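Numbered per the working numbering, the sequence shown spans residues 2 to 517.
It is worth saying that the hints were derived from the structure and are not from the lab.
Computed from a predicted model, the values in this text were never measured in an experiment.
Mixed in with the good hints there might be a few duds.
Taking CB as the label site, the calculated pair distances span [what the hints assert, rightly or not]:
{"id": "1", "residue 1": "SER371", "residue 2": "SER82", "range": "40 to 46 Å"}
{"id": "2", "residue 1": "ALA72", "residue 2": "SER371", "range": "52 to 58 Å"}
{"id": "3", "residue 1": "LEU271", "residue 2": "VAL52", "range": "29 to 35 Å"}
Even for Gly, the Cβ is constructed at its ideal location relative to N, Cα and C.
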Amino acid sequence: MTRHNLVLAAAALVTLGARVSAQSVRPVSLEEAIRLADRTSESVEIARAAVARANGQQLVARSQFRPQVNASASYGRTLASQFDGFSFGGGPDTSTFRSVCTPDIAPTATAAQRQAALDQSRTCQGGGGGGDFSSVGFGAPNQWVVGLQVSQNVFTGGRAAGQRAAANAGRRAADVELTAQRAQLILDVTQSYYNTVLASRLADIAEASLGWNEDVLRQTTKARDVGSSSEFDLLRAQVSRDNYVPVVLQRRSDRTIAMLRLKQLLEIPLDDSLQLTTDIDAAPMPSVAIADRASTPDTSADARVTVREAAQNVAAQEGLKRAARADHLPTIAITSGYQRLFFPTSTFPQFSDFRENWTIGVSAGVSLLSGGRTRGGVMMADAGLREARARHKQARELAALDSRIVLSQLTQAEATWRASQGTAEQARKAYSIDEIRYREGISTQTDLTQSRLLVEQAMVNRAVAARDLAVARMRLVLLKDLPLSAGGGAPGGVNAGASGAGGAPASSPPQPRTTA
2 MTRHNLVLAA AALVTLGARV SAQSVRPVSL EEAIRLADRT SESVEIARAA
52 VARANGQQLV ARSQFRPQVN ASASYGRTLA SQFDGFSFGG GPDTSTFRSV
102 CTPDIAPTAT AAQRQAALDQ SRTCQGGGGG GDFSSVGFGA PNQWVVGLQV
152 SQNVFTGGRA AGQRAAANAG RRAADVELTA QRAQLILDVT QSYYNTVLAS
202 RLADIAEASL GWNEDVLRQT TKARDVGSSS EFDLLRAQVS RDNYVPVVLQ
252 RRSDRTIAML RLKQLLEIPL DDSLQLTTDI DAAPMPSVAI ADRASTPDTS
302 ADARVTVREA AQNVAAQEGL KRAARADHLP TIAITSGYQR LFFPTSTFPQ
352 FSDFRENWTI GVSAGVSLLS GGRTRGGVMM ADAGLREARA RHKQARELAA
402 LDSRIVLSQL TQAEATWRAS QGTAEQARKA YSIDEIRYRE GISTQTDLTQ
452 SRLLVEQAMV NRAVAARDLA VARMRLVLLK DLPLSAGGGA PGGVNAGASG
502 AGGAPASSPP QPRTTA
């Protein structure tokens with residue numbers, strides 16, 4: 002990289018820093034970040050929708066044990082009826098029969114007999130010796146029917162009980178899944194938050210190292226001007242400084258990308274400026290993570306959320322199998338129906354003029370021949386139950402292994418954290434001694450540079466160890482509610498030492514360890 006390019010890069014960084022500083026900075030702690038993510042997370046919202054759906058399925062299954070009441074209303078208009086012109090057959094024999102429509106009133110009839118005969122004749126509307134059945138529905142021009150139907154299952158052979166058991170298990174599984182999604186979200190936010198803090202710290206370390214190399218270059222340039230330093234020392238100082246410029250640019254880019262990923266996870270506008278206030282060194286556990294959780298994490302296999310969900314799946318499949326077997330048995334229900342029927346001569350009825358129809362009975366039904374449908378349903382339910390039991394056993398085995406791996410990772414993270422503290426202190430002490438030796442002319446510039454690289458290496462390892470320990474502790478706290486992770490849930494994040502702290506091979510420090 003030429004000096005002109007270095008100047009342009011530095012100017013671009015200064016301009017970018019001025020733009021960022023001009024914006025309002027929003028302080029965000031880890032706990033606040035978790036709360037923000039919980040309100041906006043799509044995965045949590047999907048889990049909440051699954052809980053609501055399971056509630057609905059539960060209500061549907063329970064309804065089979067309760068009375069079913071349905072109301073109905075209908076209207077019909079008769080355009081042509083088979084009862085039009087209805088008669089009892091043949092013409093009337095006036096010698097032996099007289100139609101009630103033309104009653105024979107004796108001259109000696111009393112007033113009551115005369116009125117009864119006239120009332121009887123008024124029931125005839127068509128004449129011709131026929132009868133009018135419109136008042137009982139036969140051929141009525143208008144028909145209104147309003148009714149209620151009531152039914153209550155008495156015996157279903159276990160079908161209703163099996164479906165209710167499956168629905169209850171589905172609701173419990175949905176609750177478990179919601180808990181798992183929230184725990185996974187907390188872990189994801191924690192990792193992204195600490196990855197951003199780590200990236201920022203690595204950028205600060207790289208910038209400090211660049212500043213130190215610039216100081217060395219200035220001192221070497223002055224020494225060269227007075228003749229106390231060789232041209233080789235000046236060239237080596239220039240190369241060392243130039244090699245750190247791309248490292249600083251890379252670290253700043255990593256910090257920007259980590260911050261963008263965190264904003265995306267929290268659904269914060271990407272142009273907003275955030276200040277992360279929670280440090281990774283001895284960071285306190287957020288209250289959101291420890292709420293409703295025991296002080297001592299439960300690492301048993303049966304307590305893991307995947308195992309609990311698999312157990313509920315077994316219960317659901319058992320209920321479905323019971324319901325499938327019930328297809329061989331009859332179903333018995335009590336039914337009752339009540340109707341009010343209106344047959345007005347005009348379109349709209351008089352509600353006081355109606356006829357009633359009220360029935361009550363018992364219905365029973367059984368499948369005699371289903372063409373293999375019932376047997377196939379039982380076979381599918383049995384296969385589902387066997388699969389659910391196998392998955393439950395598999396989940397228990399994987400959960401036991403996963404818990405051991407997580408505990409081992411925590412132990413390693415704690416040991417690495419303690420070791421990095423001592424290493425960083427020793428590296429700083431060695432660098433202080435080398436500075437004195439260099440000023441006294443006992444040590445060379447190469448020795449001083451190597452000591453500085455060791456300090457930087459120790460600081461990088463210390464920051465990575467702090468991030469790994471914070472994530473490992475959070476994982477252990479959430480372990481009971483976390484889904485099983487591939488490979489035991491190795492913490493992911495910034496590749497802290499992919500390119501080293503120094504950049505080019507000529508002056509790069511030993512590579513710090515990386516994390517998956």
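Give me the numbers of the hints this structure contradicts, sorted from smallest to largest. 2
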